[in-house]
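Novice: Listed below are the residues making up each chain.
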Amino acid sequence: MLAAGEGRRLEPLTNRRPKPMLSIAGQPLLEYVLEAIADAGIDEVVFVVGYARDRIRTHFGDGDDWGIDLEYVVQEKQLGTAHAIAQAENAVDDRFVVLNGDRIIEPSAITSVCDRLERDGGPVLTVTRSADPGAYGVVELDGDRVVDVTEKPREATSELVNAGVYGFERSVFDAIEATPADDAGERQVTDTLMAFVENGGVTAVRYGGLWEDVSHLWDVTRVTGHVLDRDGSTNDGTVAASAHLVDPVHVGAGTSVAANATVKRGCSLGENVTVGANAVLSNAVVLSDAVVADGAVVRDAVIAENAHVGANATVAGGEADVIVDGRLYGDVRLGAVVGDNATIGGGTTVAAGTVVGDEATVDAGSVVSGRVRSGSEVRRG
Amino acid sequence: MCGIIGYVSTGQGGNDGDAEAGATGGGRALPVLVDGLRNLEYRGYDSAGVALVEDDAVSVFKQEGVIDDLDLPDEHAAACGVGHTRWSTHGKPTDANAHPHTDCTGDVAVVHNGIVENYDRLRADLEAAGHEFSSETDTEVVPHLLEAELASRREAATDGGRVDDDAETRNDDANSVAEDPETDGAGDAGAYRTAGASGAFGDVDLVAAVEAVVDRLAGSYAIAVTVAGRDEVVVARQDSPLVLGRGDGANFVASDVTAFVEHTRDVVYLEDGDVARVSADAVDVRNGGAWVERETKTVDWEAEAAEKGGYDHYMLKEIHEQPQALRQTLSGRVDAVAGDVDLDLDLPASVLEDVEEIQLVACGTSYHAGLYARRLLEEFADVRVSVEVASEYEFTGGRDPWDTLVVAVTQSGETADTLSAMRKAAKAGARTLAVTNTVGSTAAREADDALYIRAGPEIGVAATKTFAAQVTALSLLTVHVGRRRGTLTSERASHLLEHLRGLPGAVQQLLDASDRLEAVASEYVDEDAYFFVGRQLGAAVALEGALKLKEIAYVHAEGFPSGELKHGTLALVTEDTPVLTVLTDGARPGETLNNVKEVESRGAPVIGFSSHDAAANYLDVEIGIPDLGVLEPLVANVGLQLFAYHVANDLGRAIDKPRNLAKSVTVE
Chain E
1 MLAAGEGRRL EPLTNRRPKP MLSIAGQPLL EYVLEAIADA GIDEVVFVVG
51 YARDRIRTHF GDGDDWGIDL EYVVQEKQLG TAHAIAQAEN AVDDRFVVLN
101 GDRIIEPSAI TSVCDRLERD GGPVLTVTRS ADPGAYGVVE LDGDRVVDVT
151 EKPREATSEL VNAGVYGFER SVFDAIEATP ADDAGERQVT DTLMAFVENG
201 GVTAVRYGGL WEDVSHLWDV TRVTGHVLDR DGSTNDGTVA ASAHLVDPVH
251 VGAGTSVAAN ATVKRGCSLG ENVTVGANAV LSNAVVLSDA VVADGAVVRD
301 AVIAENAHVG ANATVAGGEA DVIVDGRLYG DVRLGAVVGD NATIGGGTTV
351 AAGTVVGDEA TVDAGSVVSG RVRSGSEVRR G
Chain H
1 MCGIIGYVST GQGGNDGDAE AGATGGGRAL PVLVDGLRNL EYRGYDSAGV
51 ALVEDDAVSV FKQEGVIDDL DLPDEHAAAC GVGHTRWSTH GKPTDANAHP
101 HTDCTGDVAV VHNGIVENYD RLRADLEAAG HEFSSETDTE VVPHLLEAEL
151 ASRREAATDG GRVDDDAETR NDDANSVAED PETDGAGDAG AYRTAGASGA
201 FGDVDLVAAV EAVVDRLAGS YAIAVTVAGR DEVVVARQDS PLVLGRGDGA
251 NFVASDVTAF VEHTRDVVYL EDGDVARVSA DAVDVRNGGA WVERETKTVD
301 WEAEAAEKGG YDHYMLKEIH EQPQALRQTL SGRVDAVAGD VDLDLDLPAS
351 VLEDVEEIQL VACGTSYHAG LYARRLLEEF ADVRVSVEVA SEYEFTGGRD
401 PWDTLVVAVT QSGETADTLS AMRKAAKAGA RTLAVTNTVG STAAREADDA
451 LYIRAGPEIG VAATKTFAAQ VTALSLLTVH VGRRRGTLTS ERASHLLEHL
501 RGLPGAVQQL LDASDRLEAV ASEYVDEDAY FFVGRQLGAA VALEGALKLK
551 EIAYVHAEGF PSGELKHGTL ALVTEDTPVL TVLTDGARPG ETLNNVKEVE
601 SRGAPVIGFS SHDAAANYLD VEIGIPDLGV LEPLVANVGL QLFAYHVAND
651 LGRAIDKPRN LAKSVTVE
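Top line first, the protein sequences correspond to chains E and H. Take 1 as the starting number for the first sequence in the working numbering and just add one per residue. Take 1 as the starting number for the second sequence in the working numbering and just add one per residue.
These aren't lab readings, by the way, just hints derived from the structure by calculation. The model shown is predicted, which means the values in this text are computed figures rather than measured ones. Idealized CB from N, CA, C, for every residue including glycine.
Stretch-level coverage of chain H by chain E, calculated; a stretch enters the list once three of its residues show a Cβ under 8 Å from a Cβ in chain E:
(1) 330-337
(2) 510-524
Derived DEER-like restraints, expressed as beta-carbon distance ranges:
(3) W402/H to V74/E: 58 to 64 Å
(4) H556/H to V74/E: 33 to 39 Å
(5) H556/H to R95/E: 54 to 60 Å
(6) S391/H to N90/E: 45 to 51 Å
(7) E177/E to L651/H: 35 to 41 Å
Isolated chain H (complex conformation):
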């Protein structure tokens, strides 16, 4: 899991924010790359680096730690460069393992997101051929393969040439963290430069070389390559996200639009197998040995919304954004009068009529949204639903793929486990639907249909507003499916839709009580463990509440259906284990109340999120939930988010970047 960025411009412009005066982004690569990496930090942040292209070298600055710790020059003239923020998969987070990686000559710099599965063998081959490696990463094989490829192509083009001489004269340490360009003699022509003073490389075409190299790679990758003296970035994509941004006199590449959307909203999403040359004024894409056209699209959300704006943490900001996010999820899709929705899906009614089973596949928080949606789909749309953790998914059990709809729920649309499950389903012949926050993401493009949750960008690693928006979008899907199948009456649908339209206001009502939750959190901050219980929809929310607390506060928390307490966990319940419980419509509050009495008699403090009048006498803390039918547990979840946030904040945790976790997990 990593983030990559690249920038190449005409070099015109002052970087003083006056975009009118020159190339989009300001002309200089360094500030664009650094800002882009900050925006990509949610993809990983254990090490970072940039490579800046000079006439006769590539200057690399990289080290372990977050981008703001990176030791960089104040200014750098380069108009072309690449950057990387890393999340370790192969090799520890160290300075040497940070990207960009270079070849033996130091003229080729590569950043990479993904995993090169056959790197062991490639590395052995390269080492046998005399290449020296400086890191433990899988990535480093790429610059060395490219070095070899470029060398052989240049040799072929110049019929021999001075390649060997160059190899001898270039004895500076290519592994140095901050390479000093002064060590490259001015007259020292780089290994792949032809004698031409134009800076061109004669017949040695970098795109062709990259194509040849990626042919030898197995695994997943988004790669960006720069070479000394060349004002171009060549990129390749296979199973890892990569998007190009188009500006005036400058173009961008990145793992995610967030990295450069402050500069341009015109983007080109690359497909698997694409290799593209990005120069200051052109973007040329090849796939399968031929030049191809890729459509330019305009993204409409605001990267600036991704900045913290006065809040201490993105997570708290995003919790507070939920009413507006949910209004966006619903906007223009609901016809409460007719009891129907307009989701702009191609999904034919005939498919839905015949569907025997809907399978929801997802990971983490999205999985919990799936658990919530399963109850709604079964109750309102009267269709059989199973929910699977994506990494466990197989298409088996005698299911008929033609009568199965597989719904992949993934905020980023890039979650590797979920993509892999979706592909298994597609391979078996099942119809697929992606429910995602990210337009143009891999999941959205690969699935037969996409339903966007429209929550806006989410930066905090702990998902908050996207959970609410996922459940909301899946509720709309419930109405869609139920109405198409004829299993949901317009009257029931209308009622559910009225509740959905009441959701933003109800969530705001809970947010208005956030001071109270802050006080409750500080009262119960130092406890041995926390148990979250509820039934039905409340059980899904209990799992999600426990996950939030675990991931940001690093305390032991467990969520489960409240009926399961007496089958084991009750043994752990003491005076020092607060129990948080959902006592609302859709969560069988009366039955859960019996479980509350069980834990209360063992002295555990009980914090209830309740719309159930009879509950008050049994709760140490009662947080009122407004009447909203089956969506009440979703409103209660906002209270659990605030509780987790304030416990973590009181404990001084790195809330937006919890240890060991990354925002979207693009490795299996």
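Isolated chain E, as found in the complex:
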């Protein structure tokens, strides 16, 4: 399980936690993947961890909660996915499955790889159909045989993309050794695979189930909504009688929702969250220990751990143009992201598409938009 990456496109949410630990409906992405693995009948898992690994170890411990024997290996520097797999060389047996720790899949993706690996040997590549193939590794097939994989092509020649679930035999470690580093000095498993593809040695299994990728900040609310639609509501908190929850929502343990608050469908509240009286949450993900104070309106937003949204603050929600890593994403549904430990003062208006960095503070009554850097202070002008 590759869980060492940082996920910089998801800043500020990944400033303190690795991308696989992003919380979706009350549990980390990685936990969905681990559950799928357990359901597929695999009970030995190696986590390749690196960035902010304490978060992963603290949550998963030795894996017993999932009936899994869990081992950790550390990738000290994030030098590519192939390099990450190489770290597990001494921890795996003759045949093994490699997955990404940040993509929600169903157990069938894993069982079909295992079956193929048993029958034909490796490498095995899982392909799935994507509406946006150009964002992934586009795969061309000849029957079951992979003939080409092109990373993020301008023009996709096929709608089938690499789903990131691989089956390997130990021979892959020699191939990784021989894989050239890319321009960034990293070695990617897709390049390793190309060596096998050229020899006609990679077979593909098709997968049509749930395949949820969290690449961008606005995916957090979207994927949370999908998972809640699939799994239904859970409520372990304390909800005032006059508060209104519209299914499906997730309310974590120790969370309180005060009188007349409304939490609409698709919202997820972590543990020890405080939702004040008359607050209205819609398509919102609120992580543990955060506070949404009385009368605040939070729409299409992620409120990260221990963040504080003051009384009567408004996150208006809706669509906006957002720039990530110099690329403009037009009309994405992102009300706001409020980073960990950030404070939004009472009565503040937060324009759609705003990203407030962790530990930033915004004065009461401000109007904010765009990016507020981590740790900075916004004063009312």
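Model the placement of chain H on the given structure of chain E, informed by the hints.
Specialist: Below, chain H without anything else, positioned relative to chain E:
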């Protein structure tokens, strides 16, 4: 301080993890005992051993050292056995002094936790009667007493019999560390076996014999007994913890649920004076000469949480678990809107209204939690509070027991000094409340009420998350007491509760800065001594920070109120004595800053845990503490824990098992 475990099954099952196929635990005793002992190592680990019951012998494997060093067979067919991990009280850690202990015949094996106070006299009597002792332990009198008791009962039952013959034929060395069952001739009937081929012992009832033996013991004990050829473990409890676990076709006994919770969560807590027969399919308990019923309860925490999961040490894992532990402590108990708490206590409001004094009794880290709580109780609940080291406690000073509430703070609920203080208070007539992490512990059962801190199991000897959870639970108690007494307004209570709910997030914020503390620790690892100072709540945390560093890093560290520096310790302050200081709300940072200037002018490096803006210029290292009112010192303490951990780690110390220390101290 020791840990004991016992297991008895039908023998069905493969021990291959497939619990469906046979008895719970897999049927074979050896792997269950060894795993159980590993889980009990926090109770002591200077020697270990197991006894495995065979048809005509009990095989004993024991030696000095930790359980993983024990020389054991790869497999053993026994379905019944007992094990022990020892923490020396009487006699050095040696192979001979390791448990289990056996009688002269080698047919009776006993493990024991506690102290037999009258063992000198019993041993003299037994030696006079011809019994040979092989160890220096108090425990060894038990198997010999049992041997004598069983022999006399069998003699009575069989009207003579072959007891003397047996004693002559059995000349093999009962003291050998790993007894070879082959030395017992196949036809050699054991001393207490009747001629019946069934393996039964005729009229000789082991429970009755154990009852007779424990009647002669003075002191504290949890004892588990096995006898050759019998698929049963007989146990007895007096002032030492003992719990039974119930499975399918198998049952367990142990000092602590941790030992077997991976196999079963259905448990029976024994009471003082209980003697129980545990067989594969039944648990029968006697007390005071009659059979009694003991309720079966279900424990809900996860023993697996007790495993290290990727961390180098339990202590670091437990430090990182604090946000989640604190969420559990608070969960469902806080109504910040109403400014009140729901602690599920029976403590009547009328008692709290009349209370003149609350006494907090505790030891070690729990004592420091008490010092912290004292300030909160006095300030918020407006009640007089005293904090006493439990081993020093007496109920004196003209206190009125009916107007005194005694709160015993103990993580394990088994700390002997704290239990003893609590009993003194109860005897005087005071109402008692236990604040503990351990459901069903002695403290929880003996006190009038129990408040659980819900921190989850803590294995590292150095308490970390339980300190934070104790202070948090005591803060909730502060609100409870203040509101019942009418001395705390709902508005102030609400404010305190909002801060409490902010605690997990603030602690996480400090944990996110753990790399920085690791770097600071490695910069200051080789120094002459370390001083920890703070005022008020900061003084409690200073004591706790110094204790952590002492116990795991083995370096000299002192904590005290910062105002005391100039009254003596300042003479020790040099360039090579870093001063760690708490400069936050609740710790009078402005005044402490003056003390910081004093040490700084003597060249001492100052590491400040600070939310006080004016402090930055006077600190060599500043670790920021988020705004959280009177809970800021508790957040700062997490920084002190990380500092102590990394200093100890850089020094290569055995962090989870510091020398000379055990997790919970069940002797006075």
